[in-house]
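So the protein sequences, as listed, match chains A and B. So the first sequence is numbered by UniProt numbering: it starts at 1 and just counts up by one. So the second sequence is numbered by UniProt numbering: it starts at 1 and just counts up by one.
Keep in mind that the hints were calculated from the coordinates and are not lab data. Where a beta carbon is used, it is the ideal one built from N, C-alpha and C, also for glycine. Incorrect hints may have been included.
Stated by the list, open to error - With beta-carbon atoms standing in for the labels, derived distance ranges:
(1) A:R83 <-> B:F229: 36 to 44 Å
(2) B:V315 <-> A:R83: 31 to 39 Å
(3) B:A155 <-> A:H85: 53 to 61 Å
(4) A:F89 <-> B:F102: 24 to 32 Å
(5) B:N422 <-> A:D48: 34 to 42 Å
(6) A:A65 <-> B:L308: 19 to 27 Å
(7) B:L308 <-> A:G27: 38 to 46 Å
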Amino acid sequence: MPPKQTKGEYIETDTGNKVSRKSVILGSQNIILGGKTVIQADCTIRGDLRRTVAPGQHSGNVAIAVGRYCFLSRSSVLRPPGRTHQKTFSYYPMKIGDHVFVGEGSVVEAALIGSYVHIAKDCVIGKFAIIKDCVRIEEGTVIAPNTVIPSFSLVSGRPGVVIDELPETAQEGLELKNIYRMI
Amino acid sequence: MAPHLTTYSFPTVHISCPCDESIAITPKSPTKPGAPAAPEEDLDESEEEEEEEETFDPRAPRSNFSLFPLDNLLYCEDCKQIRCPRCVHDEIVCFFCPNCLFEVASSTVKTDGNRCTRNCFSCPICFASLVVAPTGEGQAGPYILLCNHCLWSSAEIGIEFEKPTSITTQLAEKLKPPALARATTVSFTSPLSPVSASSESYFPSMGAPTIITPDDEEDKKELSPEERFLRLKAHYAQQRAGAGTDEYGSSPGALSRLMGLYSGLGSGSRSRSFGRGIGGFSNVGGKGKLEWTEWDTVKEIRDDEEELIERIKEVGFLGTTNKEQRIAQNHQPRFIRDLRPLAALLRTKRSKRCRACRHILVKPESKPTNIRFRIKLVAMNYIPALSISRLDPTAFNYIALTPLSTHQFLLTITNPLFDPINVTLATPAKTPGRYPSTVTILCPTFEVGANTEVWEEALQTIANQPAATIKKGRKTGMLIGTVWDLGRNWTTVVIEVVPPLLPLPGELGEDGNELATEDDRLVQIPVSVRVVYETDLERDDGGLGKEAKEKREHTYWSVLGLGRISEKMPTKTVEDAAGSSAARPMSLVSVAGKGVVGRGGAGEEASGGRVNRHSVR
Chain A
1 MPPKQTKGEY
11 IETDTGNKVS
21 RKSVILGSQN
31 IILGGKTVIQ
41 ADCTIRGDLR
51 RTVAPGQHSG
61 NVAIAVGRYC
71 FLSRSSVLRP
81 PGRTHQKTFS
91 YYPMKIGDHV
101 FVGEGSVVEA
111 ALIGSYVHIA
121 KDCVIGKFAI
131 IKDCVRIEEG
141 TVIAPNTVIP
151 SFSLVSGRPG
161 VVIDELPETA
171 QEGLELKNIY
181 RMI
Chain B
1 MAPHLTTYSF
11 PTVHISCPCD
21 ESIAITPKSP
31 TKPGAPAAPE
41 EDLDESEEEE
51 EEEETFDPRA
61 PRSNFSLFPL
71 DNLLYCEDCK
81 QIRCPRCVHD
91 EIVCFFCPNC
101 LFEVASSTVK
111 TDGNRCTRNC
121 FSCPICFASL
131 VVAPTGEGQA
141 GPYILLCNHC
151 LWSSAEIGIE
161 FEKPTSITTQ
171 LAEKLKPPAL
181 ARATTVSFTS
191 PLSPVSASSE
201 SYFPSMGAPT
211 IITPDDEEDK
221 KELSPEERFL
231 RLKAHYAQQR
241 AGAGTDEYGS
251 SPGALSRLMG
261 LYSGLGSGSR
271 SRSFGRGIGG
281 FSNVGGKGKL
291 EWTEWDTVKE
301 IRDDEEELIE
311 RIKEVGFLGT
321 TNKEQRIAQN
331 HQPRFIRDLR
341 PLAALLRTKR
351 SKRCRACRHI
361 LVKPESKPTN
371 IRFRIKLVAM
381 NYIPALSISR
391 LDPTAFNYIA
401 LTPLSTHQFL
411 LTITNPLFDP
421 INVTLATPAK
431 TPGRYPSTVT
441 ILCPTFEVGA
451 NTEVWEEALQ
461 TIANQPAATI
471 KKGRKTGMLI
481 GTVWDLGRNW
491 TTVVIEVVPP
501 LLPLPGELGE
511 DGNELATEDD
521 RLVQIPVSVR
531 VVYETDLERD
541 DGGLGKEAKE
551 KREHTYWSVL
561 GLGRISEKMP
571 TKTVEDAAGS
581 SAARPMSLVS
591 VAGKGVVGRG
601 GAGEEASGGR
611 VNRHSVR
């Protein structure tokens with residue numbers, strides 16, 4: 001549990017997001033925070049890495065969409081995944097659901113993270129990984145690019161593989177409303 | 001699952017599922033079978049324990065299988081009992097591929113097996129998922145299966161695909177050994193039996209021409225699993241065909257033949273030969289007695305084994321597979337070069353039923369990606385949750401508790417029910433095991449408020465403030481029989497633990513065994529939680545009887561894993577370190593001075609005695 005922060009460390013938005021003044025947020029116009037999301041110090045969010053669009057063509061300019069009650073711990077990195085497709089390199093949007101916890105020092109390059117996902121500290125979530133709802137990723141896990149993790153999985157190891165099923169109560173256990181209140 | 005087998009993450013709270021006891025038919029002997037025999041000096045204590053016959057022993061071998069975290073437990077409303085994963089029935093709701101998340105019909109699982117038949121494969125080296133990657137110019141073929149983690153690719157075993165779709169069929173085609181075609185079309189021999197000629201006499205209608213007695217060379221050669229499977233399949237197909245057209249299925253002779261298969265007392269030579277053909281019975285004695293003989297002869301080092309050794313020399317240690325890699329494959333290859341991509345194993349969604357009353361406890365939505373449940377009766381909604389934390393949280397190491405000093409923990413009981421509950425905690429004064437810790441719960445009986453809505457409490461605050469009338473230890477100082485703190489639906493009490501001083505690791509006893517194992521270093525406290533509450537009586541017509549209240553009671557054992565005792569000696573030197581009771585530091589434990597704290601005994605007795613905590617230190 002993170003200790004109570006000194007006052008003024010966070011900027012609170014209208015929707016209740018709490019963003020640390022010490023976090024590095026690039027391309028903030030391409031980032032959507034759903035509300036009541038906490039971004040701690042030294043977090044890096046790369047909203048500047050967005051889809052390369054041919055001039056004149058207009059596509060959605062969201063690089064990172066984060067849901068409600070998410071918690072990005074210190075020194076974590078959110079980075080949209082990119083790849084070369086038909087000879088042009090492009091980044092693809094990253095979508096994160098509600099109640100997603102990203103631990104200290106974890107690097108996330110997933111394409112999609114569902115709701116109620118707990119990523120412990122020092123994890124690497126590979127490019128274009130898809131993590132469904134109710135997943136717990138243990139400390140130090142490295143998830144290979146393009147991996148799909150189904151719901152109710154406990155993932156561990158390098159490369160991260162599903163080692164166990166989570167119980168039916170996973171959703172209650174992974175809720176982050178209380179952590180938000182503590183900040 | 002067992003608290004002392006998991007890696008250290010303290011504190012832990014596990015709850016014992018009583019299904020363990022219902023299985024045990026033999027009455028429990030008081031000396032707890034399997035528990036290590038208490039050393040001489042602890043005899044008095046173990047005798048004391050015998051009086052408390054029901055004390056749950058977290059170190060008993062059986063406990064390993066009955067302790068679960070609250071999250072993993074279900075609750076049967078009809079039996080009014082906790083249900084653990086061992087006492088529920090699982091029923092498969094759907095099969096799905098964990099990689100592509102497509103649902104697979106159960107009929108397909110029966111015919112095609114429990115692996116994904118799309119493009120889902122995992123790496124045979126590191127088990128990460130494989131992707132189909134083009135090797136040609138501009139996304140063109142040929143395609144390979146590539147691991148993005150360890151960069152293994154199917155090209156390493158010489159497999160490339162013409163098109164990026166239906167990889168499973170392409171792969172099956174490529175992995176088919178050339179010998180297979182012959183095996184399926186020509187030799188219809190019995191796959192198991194070298195005495196396959198017997199089947200000729202057995203299927204007269206089939207005639208002899210398709211049956212070829214295997215020559216010695218073929219017999220010696222090891223069949224690949226696919227070959228063996230196809231042979232078996234052909235064999236049984238042939239048998240079935242024979243049964244369909246022949247007298248096999250309907251005639252009275254069929255029955256006696258079947259009987260003969262099992263008893264060996266059937267009708268003469270026919271049954272004998274049949275038995276040999278099928279399962280490896282041989283009627284060597286000739287007196288109707290069946291004996292098992294092994295099909296595989298004892299393996300000798302043959303020429304190809306030497307070849308194998310040569311190959312190991314050639315590829316080196318790094319070219320061989322490790323245990324995990326080998327077990328995951330059907331053909332259990334020795335060399336990395338023989339590994340094949342693994343098709344993704346399907347996963348299931350399951351509903352759960354109570355084993356006793358067959359009521360459904362958990363029923364998930366049938367779609368693989370949906371996380372909702374139609375029915376979900378989990379224990380955390382029915383029984384109060386325990387959580388434990390340190391009273392003084394600053395700089396404290398759970399994996400190195402100082403021996404012989406008093407540690408204070410806060411035990412919080414949270415009530416999930418809509419009625420206030422009365423909780424009674426009971427624990428043996430000394431924990432079970434060779435080196436018992438001394439435990440005192442300062443307030444064993446107390447009330448926990450109902451789990452009402454937050455706003456409801458806000459409305460009630462003006463009317464009556466029950467919380468304010470109860471003294472809180474946090475404010476008044478530590479008093480015996482007083483709760484530490486309480487809130488809307490939770491109450492916290494103080495629990496004191498004095499861990500024993502253990503012999504150092506590596507110190508050996510007279511019998512040559514270590515005096516204190518790592519297991520003994522863990523402080524595990526069994527706590528019996530008894531919950532009594534009154535609730536509105538549920539009526540069959542669905543309405544709630546206003547006056548009709550029902551008293552309910554629920555008792556369960558839980559085990560608190562508080563930490564691990566440090567090897568380091570306490571700074572204070574204690575003369576008699578071995579006798580832990582004598583070395584117990586002066587504290588209110590001795591003031592309370594009772595063997596067992598709990599069941600309303602010591603707490604009430606000593607409630608007058610106010611103790612200044614800080615002077616103890």
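Taking the earlier hints as the rules, which of them does this structure contradict?
3, 5, 6 and 7
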